[in-house]
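Using the sequences plus the hints, can you model the full thing?
Okay, here's what each chain looks like letter by letter:
2 protein chains.
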Amino acid sequence: MSKSAIITIGDELISGYRLDTNSKWLSKNLSDVNIQNLSVVSVGDDPNAIIEAIANECDKSPIRYIFITGGIGPTDDDCTYAAIKSFLKSDEYLDKDYLNELSIRFKYGQKISKKLLIKQAMKLRDVEYLPNLNGSALPMFFVRDKITFFVLPGVPSEIKDIYKNSILAKINKSKLSRDELTLKFAGISETVLHEKLESVLKNYLKTVKVSFLPNFRIINLRLINTSEDKNILKEIKDNILANLGDYCIGEGDITLENAVLKILISKGLTLSLAESCTGGYISKLITDCAGSSMVFKGSIVAYSNEVKAKELSISDDFFKNYGAVSFEVAEEMSKSIARKLNTDIGMSVTGISGPDGGTEDKPVGLVYISITYLNKSFTKKFNFRVNRDGHRLITASTALNMLRLMLLNKIDFSDKKK
Amino acid sequence: MSKSAIITIGDELISGYRLDTNSKWLSKNLSDVNIQNLSVVSVGDDPNAIIEAIANECDKSPIRYIFITGGIGPTDDDCTYAAIKSFLKSDEYLDKDYLNELSIRFKYGQKISKKLLIKQAMKLRDVEYLPNLNGSALPMFFVRDKITFFVLPGVPSEIKDIYKNSILAKINKSKLSRDELTLKFAGISETVLHEKLESVLKNYLKTVKVSFLPNFRIINLRLINTSEDKNILKEIKDNILANLGDYCIGEGDITLENAVLKILISKGLTLSLAESCTGGYISKLITDCAGSSMVFKGSIVAYSNEVKAKELSISDDFFKNYGAVSFEVAEEMSKSIARKLNTDIGMSVTGISGPDGGTEDKPVGLVYISITYLNKSFTKKFNFRVNRDGHRLITASTALNMLRLMLLNKIDFSDKKK
Chain A
7 MSKSAIITIG DELISGYRLD TNSKWLSKNL SDVNIQNLSV VSVGDDPNAI IEAIANECDK
67 SPIRYIFITG GIGPTDDDCT YAAIKSFLKS DEYLDKDYLN ELSIRFKYGQ KISKKLLIKQ
127 AMKLRDVEYL PNLNGSALPM FFVRDKITFF VLPGVPSEIK DIYKNSILAK INKSKLSRDE
187 LTLKFAGISE TVLHEKLESV LKNYLKTVKV SFLPNFRIIN LRLINTSEDK NILKEIKDNI
247 LANLGDYCIG EGDITLENAV LKILISKGLT LSLAESCTGG YISKLITDCA GSSMVFKGSI
307 VAYSNEVKAK ELSISDDFFK NYGAVSFEVA EEMSKSIARK LNTDIGMSVT GISGPDGGTE
367 DKPVGLVYIS ITYLNKSFTK KFNFRVNRDG HRLITASTAL NMLRLMLLNK IDFSDKKK
Chain B
7 MSKSAIITIG DELISGYRLD TNSKWLSKNL SDVNIQNLSV VSVGDDPNAI IEAIANECDK
67 SPIRYIFITG GIGPTDDDCT YAAIKSFLKS DEYLDKDYLN ELSIRFKYGQ KISKKLLIKQ
127 AMKLRDVEYL PNLNGSALPM FFVRDKITFF VLPGVPSEIK DIYKNSILAK INKSKLSRDE
187 LTLKFAGISE TVLHEKLESV LKNYLKTVKV SFLPNFRIIN LRLINTSEDK NILKEIKDNI
247 LANLGDYCIG EGDITLENAV LKILISKGLT LSLAESCTGG YISKLITDCA GSSMVFKGSI
307 VAYSNEVKAK ELSISDDFFK NYGAVSFEVA EEMSKSIARK LNTDIGMSVT GISGPDGGTE
367 DKPVGLVYIS ITYLNKSFTK KFNFRVNRDG HRLITASTAL NMLRLMLLNK IDFSDKKK
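Chains as they are written, first to last, in the working numbering: chain A, 7 to 424; chain B, 7 to 424.
It should be emphasised that the hints constitute simulated quantities derived from the structure, not laboratory data.
Just so you know, nobody snuck in bad clues.
Below, a list of computed lysine-lysine pairs in the PhoX-like style, where the Cα atoms sit at most 20 Å apart:
#, chain 1, residue 1, chain 2, residue 2
1, B, 125, A, 208
2, B, 368, B, 423
3, B, 422, B, 387
4, A, 326, A, 424
5, A, 125, B, 208
6, B, 208, A, 121
With the Cβ distance kept under 7 Å, some of the chain A side facing chain B (calculated, not the full set):
#, residue
7, 18
8, 22
9, 49
10, 218
11, 289
12, 305
None of the values given here were measured: they were computed from a predicted structure.
C-beta atoms are modelled at their ideal positions from N, C-alpha and C, and glycine is treated no differently.
This is the structure:
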């Protein structure tokens, strides 16, 4: 397996100003073509720091590819070009054809100065330039001391296209892809899952690399088979599904909302939502999925009590007797929305995400989730003591997982505990 | 200004499996206490790679702090403890009091094996341990060759609390914070903004470091004053606001939704939304902001035509004559929602985010955004030729910016161009 290193460039990346998503995307895609990334280094917009980082990675003996992202644009802070020029001790020249192309491209669009265009059209003689369909900064490709270099722009969408259109053809693709499997779990904590899996996994500790990656309410179990026996991962998977099937939402890149959508489509059931504290978040997650319009009809985001009363028929008595955040109001909301939008399933959420709005009886964090299906309702109380953003995220995930379990007939509708 | 380096540990970080958000958070917070982070290095769960990365950072002479995150938990893939033990050549011991505390803590919660607890209670003699209120892995603190080390868990929420409760007290806080300013712009492209600002910024190129950070529809202009003259940034800001005020949504951490919310609250105006292709995304963004309930009453997510007809009173004739994605339906939706939820402003969105659903007349990417305010409506057509996720994001940002401009009286309601 070939090894790679990634160097990401930009003051914004080392000062906490921007999240580096390129290295994650690149290393994931490299692993699909059997290139194992060994390190990610971020340095600022400083030619010396860039050259030092490159030299450092070159010294790590098995490295065969180095990917550099960012800092090849036309503005004054971009200095990766200067660093590569110095690293390669290369001459430069003005590519007049490219300058001409850029002038035409920008003539009809936004006005841009000649100075910037010229900076963008300067090229190094020792470098091959690759096309960039979505931007003006051209990626560089060169080989130095048996290491293949790609110098890319920093814009994620540009990198993705360049990777698919040019880089894949340049790197020596291995036919063998890595033998790995990721299973995703919901409704169980990392430690409990770890304990439950110990007896299954203990026989494979020498041959299979295991990691647990919790991400709010979802746990990713990643298994990498390092042996030659290609049946091992299937064996483990069957064993896990037999024991912990209810918790496993699927494998690979699947999300909770995609898992839910798949079951809804396969069963031909329609869904509507009534959201209070999540304010449209669950609807947003479901409609993130292409194809959601087949089963998802719509929602009412009832952020105010006025909208809850008028659009979801919550009576004054309910507000007075139970309050807007209550078992009773949640249940009434899920019934109303299913009836009103004429769907098989109605799901509702009402809670207090904070930071304000809590009382002694009903503290910040309290939330009720309710599902109505075939005239039966199931409603559950939760208390997530986290900040506002976390509360909304965990509430949305928990609701989606409740819906998934309901669709798999794992919910007992006769349970009326408040 | 002291310098730091961050080393993040985990196979998931270098193989593209998980995004590293800790280094961004840490370096941002360090800059607030006048520590400038110089690099971020990610390595896998491999003691030798960890030790090599530490040695490498130690060699960079001005480094005064090294922050290491991840790999100190109890599971088998965690090996940062072993790396630190080897780096420090330190003896270890079992902290029986801590083992006892962990046993009690886990007795009442989830079952966990003694073996894991013992791994978690092993300690190094040459290290000071800091408290961790949210997890079982204790952060380490030590000084070696004048460099101060903090070894932290990988869970973002734990790091944040440890930073606030322990690290801030340990590092030598400087009273001076960095003289910097970030201005945020919407409704203008990076190159056009760059051109327009050139005449303002050219006088400060030697004293002020400028970077442009575009993020979909928002551009962050970051200015760092490297001179002693503390009036410079204010001077630049005043100049920019005088020339480009309409495009500037604010400074610092402000988001577009927060900017909109601030104006709504200051003007005492209420808002409702009718969302089709964005499927609740705009409602989600607005309710991300604490305090949104003061002005935001709710939404109807009309993902199906049935819901558009029934809940937003779109007549059959409209669907037949114009189609669900049309100027006329968008305008009718914004009128209906304002009337129905009884708000000062109604905003609507209808479009085709793809990947399917486009026709020759109405291609994927087409979207109409409409605002109704005081019985007047303004509707605009857009075509964003990007993928589904990008389309939803850009549509949401564009709608929020249109609302912001409307609230600032920058929209001409008499413009009825279709």
